[in-house]
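Asks: Order-wise, the sequence lines are chains A and B. For reference, each letter of the first sequence is one residue, going 1 to 506 in the numbering used here. For reference, each letter of the second sequence is one residue, going 1 to 506 in the numbering used here.
Hints may contain errors.
[As the list claims (entries may be wrong)] Have a look at the derived ranges for each label pair, beta carbon to beta carbon:
#1 B:381 to A:105: 40 to 50 Å
#2 B:273 to A:353: 26 to 36 Å
#3 A:48 to B:382: 31 to 41 Å
#4 A:353 to B:501: 51 to 61 Å
#5 A:177 to B:359: 47 to 57 Å
#6 A:353 to B:326: 39 to 49 Å
#7 B:326 to A:182: 41 to 51 Å
#8 B:48 to A:465: 30 to 40 Å
#9 A:248 to B:350: 25 to 35 Å
#10 A:355 to B:56: 40 to 50 Å
It should be emphasised that the hints constitute simulated quantities derived from the structure, not laboratory data. Every value quoted in this text rests on a predicted model; they were computed, and no experiment measured them. Ideal Cβ placement from N, Cα and C applies to all residues, glycine included.
There are 2 protein chains.
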Amino acid sequence: MTIADRLFTNGSFHTLDPDNPIAEALASWRGRIIGVGARVDLEALTGPDTEVVDLGGATVLPGFIETHMHPIAAGVQMLAPQIGYPDCRTVADVISVLREVASSTPVGKPIQSWGYDDSLMVDDRHLTRHDLNAASTEHPIFVRHISGHLSYANDRMLELAGITNDVEDPVGGLFQREASGRPSGCMEETANFTVGGILPFAEPDVLAAGARAISDHCLGVGVTSMTDAAVMATEMYATYQEGIDDRSIRVRTRLFPGWRFVGDLPLRTGLGGDMLSIGALKFVSDGSIQGYTACLCKGYHDRPDANGTEVIPAAELIQLVTEAHRKGWQVAVHANGDQAIDNTLDAFEAALEAHPRDDHRHRIEHCQTVREDQLERMARLGVMASVFANHIWYWGDRHRDRFLGPERGSRIDPLASFTEHGIVHALHCDMPVTPLDPLFTIWTAVNRITRDGDLLGPEQRARVADAVAGYTSAAAILNMEEHDKGTLEVGKLADLVVLDADPFTV
Amino acid sequence: MTIADRLFTNGSFHTLDPDNPIAEALASWRGRIIGVGARVDLEALTGPDTEVVDLGGATVLPGFIETHMHPIAAGVQMLAPQIGYPDCRTVADVISVLREVASSTPVGKPIQSWGYDDSLMVDDRHLTRHDLNAASTEHPIFVRHISGHLSYANDRMLELAGITNDVEDPVGGLFQREASGRPSGCMEETANFTVGGILPFAEPDVLAAGARAISDHCLGVGVTSMTDAAVMATEMYATYQEGIDDRSIRVRTRLFPGWRFVGDLPLRTGLGGDMLSIGALKFVSDGSIQGYTACLCKGYHDRPDANGTEVIPAAELIQLVTEAHRKGWQVAVHANGDQAIDNTLDAFEAALEAHPRDDHRHRIEHCQTVREDQLERMARLGVMASVFANHIWYWGDRHRDRFLGPERGSRIDPLASFTEHGIVHALHCDMPVTPLDPLFTIWTAVNRITRDGDLLGPEQRARVADAVAGYTSAAAILNMEEHDKGTLEVGKLADLVVLDADPFTV
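Based on the provided sequences and hints, a complete structural model is requested.
Replies: Have a look at this one:
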C-alpha cells in the first residue's frame, strides 16, 4: 500500500518554514503535503502508482496568496472596453472607445467601464457628463476611476439615477459641480453608490465570465489563493459559489463582505472550506490619494486646503468596528491617509477595550501614509496591514511631486519600518486598480523603482525574504489561514508556484 | 518517515463500503482515513510515533450522521424545565413545574419550555391561558408542544405579543378560540411565530450552553455529525460558529437555514468546511400529525372533517421552491401529510421543469404518510427523504387508533417501500421532538414495535443494512457529504462509532 499520489522532485523548494527552509522534493496525497525534504527521505512514501513530477531544477515557492484584490471586478474589467492608460492617453481617446462600444450596444442598455486615470491623461482632468454625452446620449454610461473611489456618468445615467440639480451630497461623498451648481457628472466616494448603485455590477453571465477570466489570470501568475477585499453586490456570492462548484474558478477564494452590502449576514469570519471561505468584514474609512479623497492630517501637497474625505465619519467608524468586533468578525479597514489610519486605530482600540480578544488580526488595508508613531500603536494593538506596494511604481512619482510632496511621497508604503516594528504585513495589488503580478509587486517592494525610473525612499526598501513572505507566509497569517497555507510543511495544502528564476538570488 | 498518527486495531469494522465491507484495522492521519483492511496490510503505514488503539474486538461503524434535528433547541430544552411525558402526566403536573420555575425567576422575565404532549396526558387536551395563568400571571410564559407545531401562552405573554380578541389568523396558522372568540392561549403553526416570535429563542448564554449540552449528548450516542434542520433565529448562526471555534461544539454541524428566518443570506448549500457548513434551504409545508396540522388528502380518523394545515399554500410553495432551486440551493421541505407531499412534489417538479438540474438532492423531511404512487413519483424526480422513523415507537399506537386509523397508521414511515422504490432515504429523530439515539431509531425501523409493544405494519420493516445506512452512507448522500462521510474509505474523515454489540448480528 502506498501513500503519495504525487512526488515533485529535482526542485529548489523555498519552504518559508524556518525549521526546514530548503528542500529538493515534496510528496502530496489528495492535495495535502505529506513530506518535504531530500528525495531519498521521501522514497518511503512512494510506490508504483505515485506520479513523479521532475521539476528540472526549478525554484518552487508556496502558492502566492493575494490578500487584497477585487477578483470579479478585475475579471469583468479584463473583458470590458479598456479606457485606462496606456490604452487611452486623452479624453478624446476615452470618448472614442466608448462611442465604439455604444455603436454595438442596444439603445438604452447601460455601458460600464473601470480604469480612467485623470492624472496620466494629457488633459489631466476628470471626465464630465459632457465628455460622456459625446460618446452617447442614448445609453446610460457609468465609468469608474482607476482607484475605484471616483466615478463618472453621462446625462442619461444621471437621469436614470434621479440626480437633479439640487441633489445633496451624501455623508462621505460628493458630487462635483459646475459653476451653476449642477452636478458635473463626476462623483466621489459614497456618491458613487448614489449613481452606480442603481445598476447591477454586471449581468450574471458577465460576472461568471469575469470570475473565470480572473481565475485563469491568477494561475498564470502563480496566485493559488485570492481575496475579494469587498464583496460589493449580493449576487457576487452566488457567482463565487457557482464558479467554485463548476470549477470555472480554480483558485481558492476568501470573501470579505463589504459592510454596506452585506445585509444581515448572520455568519462571520472563518466559515468555509479549502476553496471558498468568509474572511474579514470590510470597512472603507477614506478614499484614494490620487483622487484627493484619502484622509490626511495635513493637506495635499498641491492642494494644501484639501485633506480628503472621511468616507465613514470617525465616531461612526468606532461604533461599526466595535459592533463587528463584538460579533467575532476579523475587521479589515481601508485607510490610505494618516488621518484615516488614526481613525481606524481609534476604532480598533475602542473595540478591544470594550471587548478584549486575543488573536483578532484586525487589519489596515493599504496603510500607505502610515507614520512611525502609528506603527508603534499598531504593534501595541496587534494590528496587521496589507500594504499596497504597487503604488510605489504606479503612482510614486506623482505622490512625491504632486499629491503628497517629497517627504510623505518618498515614504509611501514604508516596508522597512513595518518590519522594524514587527508588524505582520502582506503586499497586494488591489486589481483592477493595478495588475496582479506578485513577482512584480515583490520586485517593487524590494527595489522601490517608480514608473519614471526613480528610486523612491531607498531606506524603506524591503528585504527579499520579507517581500516574499508578503505573498506567502505573512499573507496566510493576515488571512487567518496559516494552518493550511503560506509555507510548505507536512499537513498543509500542496499549493505550489514554480518559477524560472529564484527571487532569493536574482 | 512514518504516516499514520493513529492505528485502530482488533476491531470489527463495518465499513459500509460495498467493495471492502469488513475490516479489522484502520489507519488515520490528521483525521483522515489512510488505510482500512487487515492489520498486516496497514503495517507499512505505521511507525514508532503511531498511536495504536486496541479496540478489543468491538464493532465499529462510520460515525452516525443525524440528518434532521434541532440541536440548539434540543440542547436548550435539555437544560430547561421538563414538562413532557413522562415527567408530567397531568396538566396539574405541568402547572406545578412552571410555578416552581416562576418562583425563582425575576418578575417579568419570560419563561419558555418545550415538550407538552397533550394526547399522553391524563387530561388529554391542550393547555390554555388559564392553565398557564395558574403557574404565573407575573411572567410571560410560552410553551411549545412536543411537535414544535403548536404552542401555548398565558395572558401576560399574549398581552406582550399584542394579541387581542379580534386578532386574525395568519396565513398557515390558527389561534384556537374560546366560545366568545377570545384566543384560548393555544396557537397552531404560523400563529406560533406571531406570539413566540417576539421573544429571542433564548439568551446568548443559554444558546451556548444548549449547544455544548447537545454536542456532548451526540458524542455519547455515536453521532459525529448533526444537522440543524431549520436555523430559526439569526443569533443561532453565531452560536454555532462560536461553539465550533471554542470547541464547545465537537460534532460536525450542517445548518439548514429556515426560509422564514434567513433574511437575504446570499450564500447557498455547500459553503463550509469539515466542522460547519451550510446545507439545504428548509421550508415547512405542513404541520404535525399528532397536532392535527399535518395536511392529509383524507380527513383524520377521529376528526374526519379535519385534514390539517397548508403552512405554506401550495401555489406559494411552488414559487418559493422554484426560486430557491434556481439559486442553486438544495431544498428540504417538511411534509408529513400526503397532501403536503403532493404539494411538495408539485413544487419540485415545477422547479426542475423550469430549471433542469442534475443531482439536486431535494428532500422531503419526515414523509410519514407517503403513498405508493408518491414514492414512484419521488423515484422519477430523484427526490430523497429523511424519514421520521421514531414516530413508529413514540406515536405509532395513537396514529393507528386515533389520528390516522388502522390502514394509514400501520403504514406510517413505510421503510420497506422506500427501499423497494430505490429512494435514497435516511432516518432521523427530530430532537427535541424525540430523543437522539441512532441505535434505538435503527432498532425501531427494523422492528416497528410501538410504545405499547405492538407490531405496527410488519411488511414495512426495514432491513438492518438499510436502517444502518439511514444513519451512515445514505445519510451522507442526503446531506451531500458522501465525499467525506458515511463509509470508512481511504480519503474520508476518520469519524468512527465504537459499539459494544454488532447490530448486524443481534
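Asks: Take the hints in turn and mark each one as holding or not.
Replies: Comparing the hints with the structure gives:
no., hint, result
1, B:381 to A:105: 40 to 50 Å, "42 Å, holds"
2, B:273 to A:353: 26 to 36 Å, "32 Å, holds"
3, A:48 to B:382: 31 to 41 Å, "40 Å, holds"
4, A:353 to B:501: 51 to 61 Å, "57 Å, holds"
5, A:177 to B:359: 47 to 57 Å, "56 Å, holds"
6, A:353 to B:326: 39 to 49 Å, "46 Å, holds"
7, B:326 to A:182: 41 to 51 Å, "43 Å, holds"
8, B:48 to A:465: 30 to 40 Å, "35 Å, holds"
9, A:248 to B:350: 25 to 35 Å, "28 Å, holds"
10, A:355 to B:56: 40 to 50 Å, "48 Å, holds"
The structure fails none of the hints (numbered hints given earlier).
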